[in-house]
Amino acid sequence: MYPLGEEERRSLLRLARQTVEEAVRGRRASPQDLATPALLEPRGAFVTLKYSGQLRGCIGNVVGTRPLHRTVQECAYLAAMRDPRFEPVRTSELPGLRIEISALSALTAIAPDQIEVGHHGLMVSLGLRRGVLLPQVPVEWKWDRERFLEETCLKAGLPANAWRHGAKIECFTAEIFSE
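Taking my numbering, the leading residue of the sequence shown gets 1, the next gets one more, and so forth.
There is no bait here: all hints are sound.
For lysine-lysine, the following DSSO-like pairs were computed, each having C-alpha atoms within a straight-line distance of at most 27 Å:
| id | residue 1 | residue 2 |
| --- | --- | --- |
| 1 | K155 | K168 |
| 2 | K168 | K142 |
| 3 | K50 | K155 |
| 4 | K155 | K142 |
| 5 | K50 | K142 |
Please keep in mind that the hints were generated in silico from the structure rather than gathered at the bench.
Just need the whole structure built from these sequences, with the hints factored in.
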């Protein structure tokens, strides 16, 4: 996995901003080819939108199947227009909207006692259910490792203790940057 340089981070933030603004104005942003090895590498990513410090949308893909810059563009559009928890972003919100991108590493299996709060993001799955929480979430909510596991299970629609009873636990790391 290639680490992102400052210019690549700025390029992704500009791309996400442009995508959100065009989507809100009823236009779909045209695909852009940002041709550096790090931006062409297939990686998962999440785009988080905040307005006045409050969550306004967050959509992502954990598994990287497309180049990172295309994943970010798609997630930015979906976070602004299709997050089922929120109405689509309005034009009046654009000046106060802040964008955060989490560029993810690949998933790897992890034992519960190896999880580092603030360093690892989690995916817990059992059958067709899966829940994902980014590394910054337990820090923001001041959760310990056990609470982080429980909340990830709950997000999957599983009992809070499913991580103790056969649920698969995987982790990832994230390069997190924002406007």
